[in-house]
Amino acid sequence: MFDLRVNIAVIAVLLMYALTGSATKKGAPVYAAPQTVTIVQGQTATLRAASVNGVAFQWLKNGVFIPGATQTTYVVSTAGSYQVLSTNAANCTSDLSDPVIVNVQQANFTDVAIGINAVKVSDNMDDPFRYTIMLKNNGPVTATDVNVQNKIPAEVSYKSMDKPAKGTADYDAFNNNITWRLAQLDVGETTSLTYTVKALKVGRIENTATVSSQPADMDLANNTASTTLMMAGLYIPNVFTPNGDGVNDTFEIPNLNTYIANELSIVNRWNATVYEKKNYQNDWTGSGLNEGTYFYLLKVQTANGKWDIYKGYITLIRTIKSN
Numbered sequence: 001m002f003d004l005r006v007n008i009a010v011i012a013v014l015l016m017y018a019l020t021g022s023a024t025k026k027g028a029p030v031y032a033a034p035q036t037v038t039i040v041q042g043q044t045a046t047l048r049a050a051s052v053n054g055v056a057f058q059w060l061k062n063g064v065f066i067p068g069a070t071q072t073t074y075v076v077s078t079a080g081s082y083q084v085l086s087t088n089a090a091n092c093t094s095d096l097s098d099p100v101i102v103n104v105q106q107a108n109f110t111d112v113a114i115g116i117n118a119v120k121v122s123d124n125m126d127d128p129f130r131y132t133i134m135l136k137n138n139g140p141v142t143a144t145d146v147n148v149q150n151k152i153p154a155e156v157s158y159k160s161m162d163k164p165a166k167g168t169a170d171y172d173a174f175n176n177n178i179t180w181r182l183a184q185l186d187v188g189e190t191t192s193l194t195y196t197v198k199a200l201k202v203g204r205i206e207n208t209a210t211v212s213s214q215p216a217d218m219d220l221a222n223n224t225a226s227t228t229l230m231m232a233g234l235y236i237p238n239v240f241t242p243n244g245d246g247v248n249d250t251f252e253i254p255n256l257n258t259y260i261a262n263e264l265s266i267v268n269r270w271n272a273t274v275y276e277k278k279n280y281q282n283d284w285t286g287s288g289l290n291e292g293t294y295f296y297l298l299k300v301q302t303a304n305g306k307w308d309i310y311k312g313y314i315t316l317i318r319t320i321k322s323n
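full-length UniProt numbering applies: residue 1 is where the sequence shown begins, and numbers increase by one.
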């Protein structure tokens with residue numbers, strides 16, 4: 001036998017809580033009052049055999065050997081009385097340790113996490129892009145009455161919504177808000193909702209979504225998620241007035257010079273090309289053309305080598321009526 005009895009130290013409860021095992025003494029065993037540890041259903045405590053000379057171990061639950069539980073530590077998740085035996089290099093086995101009583105409380109909270117991301121295919125303002133809201137129940141119990149709220153940013157316009165993988169969702173046009181409701185979300189379950197929008201202007205766009213559920217959520221930090229993207233596309237005017245007054249005399253496309261390359265083509269209503277230019281410099285005046293509406297096709301090359309395409313109309317007006 002060992003001169004020192006093996007004891008158990010509770011070294012981790014919910015990965016953050018620690019207790020000290022009962023002291024060991026030489027001579028006759030000294031039985032201390034059992035340690036009691038309470039964990040919540042679905043979570044764990046880690047027990048460690050406090051034996052200086054032990055080289056092999058055997059854990060017991062309610063006096064019965066636990067198959068395969070032969071390491072210095074043992075992770076528990078169910079209620080019971082836990083003890084350990086320790087064997088030294090000379091094959092001497094200790095007395096049973098003092099027990100650790102593990103109680104398991106029924107969980108009365110959940111942990112639903114939310115995420116959101118945006119995927120755009122180009123910087124072209126005419127190309128819609130998509131937001132996806134993601135949910136996951138991190139446990140420990142089934143979440144009910146799950147409610148997601150997503151106020152759509154003012155910088156975009158709502159276009160459509162895919163049918164959610166689970167639950168029901170609707171768009172409130174008056175408040176520009178999406179509500180997604182799920183009757184329940186099981187432990188470990190993930191699900192998502194995707195909808196399509198179109199940017200109204202260039203610049204930074206931030207979108208935030210929140211989730212609530214029953215029972216109360218144990219981690220409010222992951223109940224809100226945000227995503228930000230930069231819409232670096234071009235704003236292309238639909239009218240210019242080349243009348244020589246020095247104001248709006250050319251077809252000017254702001255920030256066009258931020259792209260690696262560009263190609264511009266202008267056609268009339270009969271689809272005849274009236275102007276085209278590679279590396280356009282914002283200098284077209286519509287020379288020789290009548291007033292009226294023309295149509296443009298603009299290609300711009302982004303920093304990653306990809307070409308974005310813009311299509312639209314431009315109205316040429318030479319005479320400005322005065323009041």
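Simulated from the structure, these hints should not be mistaken for lab results. Backbone N, C-alpha and C fix where the C-beta goes; we use that ideal spot for every residue, glycine too. Careful, some of the hints might be misleading.
Dumping the calculated PhoX-like pairs for lysine-lysine here, alpha-carbon to alpha-carbon at most 25 Å [stated by the list, open to error]: (1) K198 <-> K311; (2) K198 <-> K151; (3) K277 <-> K311; (4) K311 <-> K159.
Cβ pair distances, simulated, as ranges [claimed, not checked]: (5) Y171 <-> N268: 17 to 23 Å; (6) S265 <-> M218: 39 to 45 Å; (7) R318 <-> T227: 27 to 33 Å; (8) F109 <-> T132: 25 to 31 Å; (9) T190 <-> N88: 47 to 53 Å; (10) L297 <-> M218: 30 to 36 Å; (11) D219 <-> N177: 50 to 56 Å; (12) P237 <-> N279: 32 to 38 Å; (13) Y171 <-> G312: 26 to 32 Å; (14) M218 <-> A79: 36 to 42 Å; (15) P254 <-> Y158: 55 to 61 Å; (16) N248 <-> G288: 52 to 58 Å.
Pairwise beta carbon distance, F109 to T132, judged against the given window 25 to 31 Å: Since F109 and T132 have Cβ atoms about 27 Å apart, the given range 25 to 31 Å holds.
Cβ distance range 55 to 61 Å for P254 and Y158, holds or violated: violated, 26 Å
How does the Cβ-Cβ distance of T190 and N88 compare with 47 to 53 Å: does it lie in that range? holds, 48 Å
Given pair status - K311, K277, alpha carbons within 25 Å: holds, 15 Å
Starting from the hint 27 to 33 Å, judge whether the C-beta atoms of R318 and T227 obey it. Violated, since R318 and T227 (Cβ atoms, about 46 Å apart) do not stay within the stated range.
Is 36 to 42 Å respected by the C-beta to C-beta distance linking M218 and A79? For M218 and A79 the Cβ distance comes to about 21 Å; the hint is violated.
Does the structure keep K198 and K151 at a Cα separation of 25 Å or less? holds, 15 Å
Outcome of range test on Cβ distance (P237, N279; 32 to 38 Å): violated, 20 Å
Taking 39 to 45 Å as the stated bounds, is the beta-carbon spacing between S265 and M218 within them? violated, 60 Å
Do the Cβ positions of Y171 and G312 conform to the proposed distance bound of 26 to 32 Å? holds, 27 Å
Does 52 to 58 Å hold as the CB distance between N248 and G288, or does it fail? About 19 Å separates the Cβ atoms of N248 and G288, which means 52 to 58 Å is violated.
Restraint status (C-alpha distance of K311 to K159 at most 25 Å): This hinted pair holds, its Cα atoms lying about 19 Å apart.
Violated hints, listed in ascending order, are 5, 6, 7, 10, 11, 12, 14, 15 and 16; each of the other numbered hints is respected by the structure.
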